[in-house]
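Chains as they are written, first to last, in the numbering used here: chain A, 3 to 165; chain B, 753 to 891; chain C, 519 to 915.
Worth flagging that the hints you see were computed from the coordinates, not collected in a lab. Don't take each hint at face value.
With a straight-line Cα cutoff of 25 Å, these simulated DSS-like cross-link-like pairs (lysine-lysine) come out [claimed, not checked]:
no. : chain 1 : residue 1 : chain 2 : residue 2
1   : A       : K55       : A       : K96
2   : C       : K837      : A       : K148
3   : A       : K53       : C       : K724
4   : A       : K157      : B       : K860
5   : B       : K833      : B       : K884
6   : B       : K874      : B       : K799
To list a few chain B residues with every Cβ distance to chain C over 10 Å, as calculated [to be verified]:
no. : residue
7   : G754
8   : G795
9   : N843
10  : G857
11  : I862
12  : V883
Bear in mind that the values here come from a model prediction, so they are computed numbers and not experimental data. Yeah, the Cβ is synthetic: ideal placement off N, Cα and C, and Gly gets one too.
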Amino acid sequence: MSYSEENTKTLERLSEAIGEENLVETKSPKANRIYVLIKTEKLRDAVTYLKEKEGLFHLATITGVDLGEEREINYHLNRPNLIFTIKVRVPSEKPVVPSITDIIPGAVLYEREVNDLIGVYPEGHPNPKRLLMTEEWPEGIYPLLKKWDVKSLRKAIDGEEWT
Amino acid sequence: MGLVTWARTRSPWLIHFNGAACNACDIEIVAVLTPRFDVERFGGVLKGSPRHADVLVVSGSVSRKLKSRLKRIYEQMPEPKFVVAVGSCANTGGTFQDCYNVMEGVDKVIPVNAHVIGCPPKPEAILDGVVKLLKSAGY
Amino acid sequence: MSDREFQIPIGPQHPALKEPASFLFTVDGEVVVDVEPRIGYNHRGIEKAMEARTYIQNLYLTERVCGICSNAHQTLFSINVEDVAGIQIPPRAKYLRTLVHELERIHSHLLWVGVAAHEIGFDTLFYYVWRDREIVLDILEEISGNRVNYAWNTIGGVRRDISSDKIPKFQKMLDTLAERTAYYTKVASTESSVLERAAGVGYCSKADMIRLCGSGPHARASGVNKDTRRDNTYLAYDEVPFNVITYDSGDVLANVLVRVGELVESVGIAKYVLDHLPDGPIREKFTPLQRVPEGEATNMVEAQRGELIHYISSKGDNKPYRYKIRAPTLGNIPSLIVKLKGGFIADIPIVLAGIDPCFSCTDRMVFVDEVKEKTWDMTNEELRNYGLRWYKNGFNK
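Can you make the complete structure from the sequences, with help from the hints?
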């Protein structure tokens, strides 16, 4: 079986495993790339299934994107000839996502990084401390949100205009 | 020139501080030690502690977390001391000028005596900067 | 942590090249019990800055994410943008990109061998290796005009061509390099000073490495047979023959042997590419303010330190909406912690150097001894000398 057939089968089996109604949107721009948007409550089931049954146990990284009303979190898993990205979206008023560190321990630093930069809190993370920011960085300022530009960020942190 | 001054200029002890650099300037600074460029023929050695150093070589656009550390290292150095800012980032912020976590230029944190520009500057340029600095310091 | 623990910050810089980062060690006597990494010293805000620059301007910025893997970042950025924009690059551009990608790998591994030798106290090897590294930098300077930061890629291909009359000279230089790396392989695997400091030190099992998602030579040293060039192939790697080097012992010696083995392979790949360069144009057209259609792309390359992944999201503008960069070292930190735990303090510098960290130096090493209620600090120079003396006095026996 060629890898593109394998990958299509993987997607079908995931759909069966977590329920077709929980797969909100699927995109496959190339044979070796799949992006699925799933409902947030099914995240842990999806990751567990893909890790145990489909050989997608390697998590490359987690990306957060600020979409305004919502924040999107992408989990990039990969195996030979496939990068499988699971997307979940959380509302910006309550940006919380379940942590997957007990399923894939390698996620421990990526979830902290997303929390620092986009402000999405990983619930259940064993050590959700700041990773990248200094001790003086004020709480609640997440630099990668679209509402900040460099000037306003610097003002918010240092309290004064830079020359 | 007195004996002490002569000794100082013939043997500048360098210490390198990496202020959130991308590493390109750092590897060129270390390359200055290697056989092709060889700073030791000028008496220069790279030391590990600021208390033994005459010249502080700074690379990188200093990030917010490192600002106080850089100041502290500068204060720990004994007089007379000199600072060489290596690379475009250390001088003006370089390509990271509009990044939120970056102080634009080492001279916003500590006084600088010599500026070596480049991205990264070649090891010959760095060596030239250090030697010119010593000459111009009245020695 | 009990309330008998305390911490003392430790002083500044390392004489050899390193980047600032900090680790908090909890120790019991000479043994490391726990490690907490504190990073972020190098955080400059690049991903945010990328959203404010056009794609051509971002080429310049991505190259400076890291000066040692600069070309890897820039190549991956170009691949990502070309993916979203639907641009196919000409075959000659693919091969030229592969050439510089491998030459950069050679220079980085040679740099690492020198730095690791310095950590062990083997300064002679450090000087020899860095002298030979100048051969690769000469080739790169002649191809691109600079020793570091080559500005080689653009969206749609590469910016400069190589004239065919220079190729025999490069082949000869690569042959000299092949001879030298054979010598280093012998030194690395037989010199007693290397073996004593590196064999059995800093162990991480294959199962832990997979569980903690490590990648690159660090993972291959624990027996994980994973290489992005073969598994998720890109550029010309589907046409160039090469071997993936793995070792099973999972310690620092395996790190050394994997990297030296990869050096030999990379020299072979570079020579093959120079021999088989296809003719044709070197770039597709991409104008400075060109807009890229809406879409997203995720791509990976095998950078010098491991699997490098970038993600791009475009909303149809001439600037990216979101660009994510994950450097390999972040992914290797959890398995690094496994390697440090249970080891001796004297082994810390070599284990840290062993993963070839790209946030390199720890400017602060904080030691906490729970049992003796002691806290102390060491500069990195002191820690390195501590390790050298410890081994010389035979305390590890």
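Going down the list of hints, with the structure as the test:
no.: 1; hint: A:K55 <-> A:K96; in the structure: violated, 32 Å
no.: 2; hint: C:K837 <-> A:K148; in the structure: holds, 14 Å
no.: 3; hint: A:K53 <-> C:K724; in the structure: holds, 17 Å
no.: 4; hint: A:K157 <-> B:K860; in the structure: holds, 17 Å
no.: 5; hint: B:K833 <-> B:K884; in the structure: holds, 15 Å
no.: 6; hint: B:K874 <-> B:K799; in the structure: holds, 21 Å
no.: 7; hint: G754; in the structure: holds, 30 Å
no.: 8; hint: G795; in the structure: holds, 16 Å
no.: 9; hint: N843; in the structure: holds, 15 Å
no.: 10; hint: G857; in the structure: holds, 14 Å
no.: 11; hint: I862; in the structure: holds, 14 Å
no.: 12; hint: V883; in the structure: holds, 20 Å
Comparing the model with each numbered hint stated earlier shows that hint 1 is the single one that does not hold.
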